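Participant: These are the residues of each chain, in order.
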Amino acid sequence: MNAEATILLALTLPLAGAVGIALAGRVSPNLREAVTLVTAAGLAVAVWSLLPVVMAGGRPGVTVTELLPGVEIAFSVEPLGMLFAALASGLWIVNSLYSIGYMRGNNEQHQTRFYVMFAISLAATMGVAFAGNLFTLFVFYEALTLSTYPLVSHKGDEKTVRSARVYLGILLTTSIGLFLPAIIWTYTVVGSGDFTPGGIIEGNIDGPAIGLLLGLFVFGIGKAAVMPVQRWLPAAMVAPTPVSALLHAVAVVKAGVFTVTKVIVYIFGVDFLLAAPSSDWLLYAAAFTIIAASVVALRQQNLKRLLAYSTIAQLSYVVMAAAVLKPLAEIGAALHMVAHAFGKITLFFAAGAIYVAAHKTEIHQLRGIGWRMPITMTAFTIGALSMIGVPPTGGFVSKWYILAGAFAAENYVALFTIILSTVLNAAYFLPIIYMAWFMPETEAAAATHGEAPWPAVLALAITAMLTIAFFFFHGAALELGRQVVENLS
Amino acid sequence: MNGLAQHLPALQVVVPMLVAAFVVLLRPRGLAWAACTVASVLAFGIAVELTQVVLGAGPVTYLMGSWPAPYGIELRVDALSALLLLVVTGASVFALVSGRQSLDAQIEVERQPYFFAAWLLALAGLSGIVVAADAFNIFVFMEISSLASYVLIAGGPDRRALPSVFKYLIMGTIGATFYLIGVGLIYMMTGTLNLADMEFRIHAVAEQNPILAAAGFITVGLALKAAIFPLHVWLPNAYTYAPHMATAFLAACSTKVSLYVLLRFDFFVFQENLAGHAFQFAAYLMPLALLGILVGSAVAMFEKNVKRMLAFSSVAQIGYMMLGASLVTVAGLTAGIVHIFNHALAKGTLFLAVAAFAMVAAGVRLDDLRGIARRMPWTFGAFIVAGLSLIGIPGTAGFVSKWYLISAAMELGPAGLPLVAVILISSLMAVVYIWRIVEVACFAKAADEGTSAVSVSPALITIMWFAALANIYFGLVPELPLTLSGAAAAELLDHLP
Amino acid sequence: MEILGLYHYWVFAILLMTGFYAVIAKLNLVKKLIGLSLFQAAVFLLYITMGKVDGGTAPIFSDAANAVFSNPLPQVLILTAIVVGISTTALGLGIVVRIKEEYGSIEEDEIQEIDRR
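Residue numbers (our numbering), protein chains in the order written: chain A, 1 to 489; chain B, 1 to 497; chain C, 1 to 117.
Watch out, some of these pointers could steer you wrong.
What follows is a set of in silico ranges between Cβ atoms, one per label pair, in the way DEER data are often shown [stated by the list, open to error]:
hint, chain 1, residue 1, chain 2, residue 2, range
1, C, 102, B, 301, 30 to 38 angstroms
2, B, 445, A, 197, 51 to 59 angstroms
3, B, 445, C, 117, 25 to 33 angstroms
4, C, 56, B, 421, 30 to 38 angstroms
5, A, 12, B, 479, 20 to 28 angstroms
6, B, 365, A, 52, 21 to 29 angstroms
7, B, 4, A, 8, 42 to 50 angstroms
8, C, 102, B, 48, 35 to 43 angstroms
9, A, 8, B, 65, 51 to 59 angstroms
The hints are simulated quantities; they were obtained by calculation from the structure and are not laboratory data. Note that the coordinates shown come from a computational prediction; the quantities given were computed from them, not determined experimentally. Glycine is no exception: its CB is placed at the ideal position from the N, C-alpha and C atoms.
Chain A extracted, bound-state conformation (with noise of 0.2 angstroms):
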């Protein structure tokens, strides 16, 4: 099958699974169950045979109809696409074995629309990863918004509500408010919006105007959680831990910084921004995201929503990254999407088989608790370790790399807040740690309970190993990091 078959393939794969997710509900929970797998793994095996292609310097690409005239919705693999879509694809297969064990073990409600508003949501994820233009981009972007609402409301009480409120009203005041008209600015100067190695702007617009659009698009496109459109991800900790952990940790974060990378990248062009003095900024604002989160994760009690936190933090590492516009920064922000994403949804799955198994949600409750869940908890450390930055985590190679850049280009602003924010990582890591392994049980905890389902474990483990594997074997991520920055100075 040609790539541009593939491609179109990649889309509408989880679609057609939907369906089948849909219908099969009707039939057996296991049916269901196994049309997620075997979809899942259909599109990771579809993504990833682009790879070699991608890596052997091949960008395929399809226009499939044009819209309005200049406008039209076109897919385009590109190496960063290509890395977050294969995250992606990848990560369902384990976040699905993962959410069998959790739906189950929690006796959770309406299980079948969960899983068909997952595979739609996939759906969306590839359409941002191959979109070959902004428009594109805009309308599955969009569709991501949407299609994740469900799953963020999906208790239903009324806090959970209100909570899903905030999520979308945020992201689609950020989107509407701010990115739509960013996209229409550009296509209204440019002429068009397609992502072009080396940047669409030059020549368009000069003078401050380069920070405004550079400021609607980076507010606009809130999933980046850029402060201050960052009140959405906490918002989403009510969803489902296997929603917060494929979605709020890889999926749609990190389409928000990776929409941002590409707009940096392919629509600015990073000679252009590194010339113009109207986007230093964007570096300041991501540096002040990165402490503030980080600080106010320190305070945070609840566990999913210090995760919260960190994620926020930890987005911004790939915007502040992005922002220092040298290729090792760029490197490092594309393999910061990937360590980023190893780590958290190994903390996220870890933090939902702790709910699982003991209902336990707050951080003072975990004292003693590695002994009773030592799988889960080790995955935990290793997790920890990765959002520190230890090695042998994948977390210490794409801050190196970041940590080079900003060397490279004298950015004394990124360096301080790196090495800050590694403190602040460990300062409100470390206890967790420390509670889970050396301090006694208190409480409650008298009521014994094992590890989670095993699916949820074995998804877990699967994850904490990546983790680590990605310290030793992240060859192919860092060729396709490098692909993206060849030509630039």
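Following the hints, position chains B and C against chain A.
Facilitator: Just chains B and C now, with coordinates in the frame of chain A:
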């Protein structure tokens, strides 16, 4: 074209009109509805045929009785007329084919023949306005359609429709009479009623007071009929208390036709001739359009009755159309005109869904719709799709108009920024009022689960979904409405100096 | 002299505004309709007077040579408009009858009060 085909413009009006007379006599139950539906479908077929002719060969002119213009009565169908004919006849067909159950429930059996006769007269009147090429016939058809609409609105079981329709009658008649005064003043100065002739003759007398006064009267009169802010006050109550299918039909097309007449007059007759009229047109109407957009959306956010909420939303949407038109550029006019089409699709579907809700729930207030998504998932799905189109989510028809409108506003440079801001803010307000319904329907506990045994007719669900999918289709393949709108915009601007 | 010569326009304007005032200010629905009729009658007057030709007679064919006729077109237009006006008034009165049946009153403020309850 030969044979019957060459008389299509006239048939567009005559078919519904003659069948209306006939329908009054059909007493057996359901026969009146059937005849009305058949006539609507025929009218839609004629509209489609005319559209194809216009797209292929350009505007179609027809002389009644072969009397030459400007002495005789001329009918003219160009791109703008074709688009509106599709909207008017399409709305009628959709509402009728899907609405049998709803109409049967709301209109008393003895009154049905009269109701459906009035429906066809309204259809004939609206079609007539769109195909007429002289000012007085427009007036006559306008009054025919208005009078018939009054009957339609008052036909339902809710007694509050009566004071609402009385207010509509008063305001509508004043509007039509203002229009008549304006036409009279123009006739006095130019001696002709034919629009094309008027455009030619008005050159000589353009600067004199009667013409300026005429422009004012005509604009205000049509603004009353088109529910342009602040002359929109008759609309919310009239649409709320009318029978649900009548609302679906009227909301999709009746005010848009008055907008059409306003565009014709302002671009064909006045623009070329009055110095500074272009500026005045924009200067007066743009702020009113902006206010209409903001006020309409804002009030909709707080409304508790879903029909009235959608009616205020219509006021805002008419504001979008006026905003596009007042930009007086190709992009702006295209945006405004294509929104006539896209809004009809979205609002029509929404009102069809509301009609379905009304059959199962106790009423159409927000509280009555608690938990209705669980009982009526299909209807609710169609409602969401149409709601997304109203908000302007990409992939839906509403997004196409929004994109064009924002692009057109951006073309103005920095001066267009407030316009862009208004459009975006009102889109967000639309998110609020649509999502209120979504939340109540999905998450709230129903007051009494499953007491109503009424099931919605498959016809209604099918047509509703057909309309909802049309929203998506025209959102991804908007060629037809865009071609027509582009041609219409080019024509309108062609007449400018 | 000019102003007095345009007296028919003054009559038109006064009738128009009288009718309009009645429509807006009166609370009784029938009085509103009367105002509306007055409003429309003013417009009829405008059309007819504009069609009058100095020294012209009724526009009916006659064999007299060099006969001067008033313009027939406005008169025809007004016939149509009068019919429209009658239909509107008839419909309006019908609605008023129905309102009386449903609400028991034809005063606008009382009806609003009843609806508010």
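Participant: Could you run down the list of hints and mark each one as holding or not?
Facilitator: We went through each hint and held it up to the structure:
In this structure, residue 102(C) and residue 301(B) meet the distance hint of 30 to 38 angstroms, their C-beta atoms being roughly 32 angstroms apart. Taking 51 to 59 angstroms as the suggested C-beta distance range, the pair residue 445(B) and residue 197(A) conforms, at roughly 55 angstroms. In this structure the hint that residue 445(B) and residue 117(C) lie 25 to 33 angstroms apart at CB holds, the actual value being about 29 angstroms. For residue 56(C) and residue 421(B), the hinted distance range of 30 to 38 angstroms is not satisfied, since their beta carbons lie about 59 angstroms from each other.
Against the hinted window of 20 to 28 angstroms, the Cβ-Cβ separation of residue 12(A) and residue 479(B) comes to about 23 angstroms, which satisfies the hint. The beta-carbon spacing between residue 365(B) and residue 52(A), approximately 60 angstroms, falls outside the hinted interval of 21 to 29 angstroms. Between residue 4(B) and residue 8(A) the Cβ separation comes to about 46 angstroms, which falls inside the hinted range of 42 to 50 angstroms. Range check, residue 102(C) to residue 48(B): about 42 angstroms between beta-carbon atoms, so the 35 to 43 angstroms window is met.
Range check, residue 8(A) to residue 65(B): Cβ separation about 58 angstroms, and the 51 to 59 angstroms hint holds.
When each numbered hint is compared with the structure, violations occur for hints 4, 6.
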